[in-house]
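All chains, please: the whole structure from these sequences, using the hints.
Sequences listed follow chains A and B, in order.
Note that my numbering gives residue 212 to position 212 of the first sequence, counting from 1, and the numbers run on in steps of one.
Note that my numbering gives residue 22 to position 22 of the second sequence, counting from 1, and the numbers run on in steps of one.
Think of the hints as simulated: they come from the structure by calculation, not from any bench.
It cannot be assumed that every hint is accurate.
Claimed, not checked - The list that follows gives simulated cross-link-like pairs (lysine-lysine, DSS-like), each with its CA atoms no further than 27 Å apart: (1) B/88 to B/24; (2) B/119 to A/131; (3) A/212 to A/225; (4) A/131 to B/88.
Please read these numbers as outputs of a predicted model, since none were measured by experiment.
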Amino acid sequence: MSVNTLSIDGKMVTGTTGETVFDVAWNNGVRIPRLCHVGGVSDVGACRLCLVEVEGQSRLVASCRTAVQEGMVVRTDTPRLQAHRRLIVELLFAERNHVCAVCVQNGNCELQDLAASLGVDHVRLRYRYPKLPVDTSHERFGIDHNRCVLCTRCIRVCDEVEGAHTWDLRGRGTHALLIADFGDPWGQSESCTSCGKCVQVCPTGALFTKGKSVAEMQKDRRFLKYIVTAREKHEWIR
Amino acid sequence: MPSENAARAPADAPARAAKDNREKFLERAMSRHNYSGDALIEVLHTAQELYGHLTPELLRTIAAKLRLPPSHVLGVATFYHFFSLEPKGEHSFIVCLGTACYVKGALGLLATLERRCAKAGSTSPDGRVSVDSARCIGACGLAPAIIRNGEIVGRLSAAQLDAELDGIGVP
Ligand code: SF4
Ligand code: SF4
Ligand code: FES
Numbered sequence: 001m002s003v004n005t006l007s008i009d010g011k012m013v014t015g016t017t018g019e020t021v022f023d024v025a026w027n028n029g030v031r032i033p034r035l036c037h038v039g040g041v042s043d044v045g046a047c048r049l050c051l052v053e054v055e056g057q058s059r060l061v062a063s064c065r066t067a068v069q070e071g072m073v074v075r076t077d078t079p080r081l082q083a084h085r086r087l088i089v090e091l092l093f094a095e096r097n098h099v100c101a102v103c104v105q106n107g108n109c110e111l112q113d114l115a116a117s118l119g120v121d122h123v124r125l126r127y128r129y130p131k132l133p134v135d136t137s138h139e140r141f142g143i144d145h146n147r148c149v150l151c152t153r154c155i156r157v158c159d160e161v162e163g164a165h166t167w168d169l170r171g172r173g174t175h176a177l178l179i180a181d182f183g184d185p186w187g188q189s190e191s192c193t194s195c196g197k198c199v200q201v202c203p204t205g206a207l208f209t210k211g212k213s214v215a216e217m218q219k220d221r222r223f224l225k226y227i228v229t230a231r232e233k234h235e236w237i238r
Numbered sequence: 001m002p003s004e005n006a007a008r009a010p011a012d013a014p015a016r017a018a019k020d021n022r023e024k025f026l027e028r029a030m031s032r033h034n035y036s037g038d039a040l041i042e043v044l045h046t047a048q049e050l051y052g053h054l055t056p057e058l059l060r061t062i063a064a065k066l067r068l069p070p071s072h073v074l075g076v077a078t079f080y081h082f083f084s085l086e087p088k089g090e091h092s093f094i095v096c097l098g099t100a101c102y103v104k105g106a107l108g109l110l111a112t113l114e115r116r117c118a119k120a121g122s123t124s125p126d127g128r129v130s131v132d133s134a135r136c137i138g139a140c141g142l143a144p145a146i147i148r149n150g151e152i153v154g155r156l157s158a159a160q161l162d163a164e165l166d167g168i169g170v171p
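Right, here's the structure in full:
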């Protein structure tokens, strides 16, 4: 594996071939905002929050889907990027019904944290207020589509780590909706093992454990690191 | 022996004979691809051509035979506009919403169809009329244009459309 030297926000850093700009940045203390990325599963570039500028390229690139290259000059926090990120977060809020005051995830929500850290204190766009279902047919968990940001973390963790591939997306654009199996109620899914991994990786209050009331939901993702380290390095360390 | 033609154009074949063979044709399409999951789109294509639309049973069969996760199969079937999960109506109206048609009042035509028949992307409850919209269909000179049962009809006014619908007995 060859080592590449690059500059991220003026800092000289190194990354091995195949590593993403995103991972190298985080390993070096540069915390690029993200929403669809979750360590331990593949990256798909769904949210575009990790956009960065690369010198010599006019287009912005998603750092979680961009491999490091020797001599790259990357900037992660320019006014232009900040403006784009704010708009992305506003679009996410406007797209569905994120009513934090009545959400189980209030106070522990990655979307909320993102908005706060990017300085999104109001939404300039008109809200769409779509009518979306809440499925509480599973005996232990529920899904509230009103809070789903379509990051597909749940799909990937269920497919890549649990191996069940219960979830997927149906439709596209504004019609996209998370589905279990053939769009059945989650509780009737034949593939779901009820392991709860999807619930723990969901960044918002879309996937939740039943019996939690407003602001009570906390997510714990330590299991991911444990499983992935065990699988890849054969080290079972907590 | 059914001809290869019957597989491609079951609508033209005598209805009963075609029906009996559809399962066989679908099976053959899957086996031609060695039941590989990579052939999902081709297989869905064949299924849709044979049956007109993709029923839950078809999706179930295809997922099982190609050994694919159910949600993935439904995901692909709903991603592409070409696939339909609902039976198409006897009559189909597709309203072009390209810029030229839009400017010439395509929304009014769509509103008429939606009011009298069904929302875009669906079929009236009695199964008579399917309504849909499309991006530019390349008939800008005929704006506003619709596609009625596969044929382009141009320069259509809302009143003419109403008369057409009266003509086919839409209440
Ligand atoms: S509980 Fe486990 S198996 Fe069920 S959908 Fe979630 S990740 Fe998949
Ligand atoms: S349910 Fe949660 S994890 Fe799954 S796509 Fe929606 S927001 Fe992402
Ligand atoms: S974190 Fe890179 S696109 Fe979402």
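Status of each hint after checking the structure:
1. B/88 to B/24: Holds, because 23 Å separates the two Cα atoms, which is no more than 27 Å.
2. B/119 to A/131: Roughly 16 Å separates the two Cα atoms, so the pair holds.
3. A/212 to A/225: Distance ~25 Å between residue 212 of chain A and residue 225 of chain A Cα, so the pair holds.
4. A/131 to B/88: holds (26 Å)
Violated hints: none; the structure is consistent with every hint.
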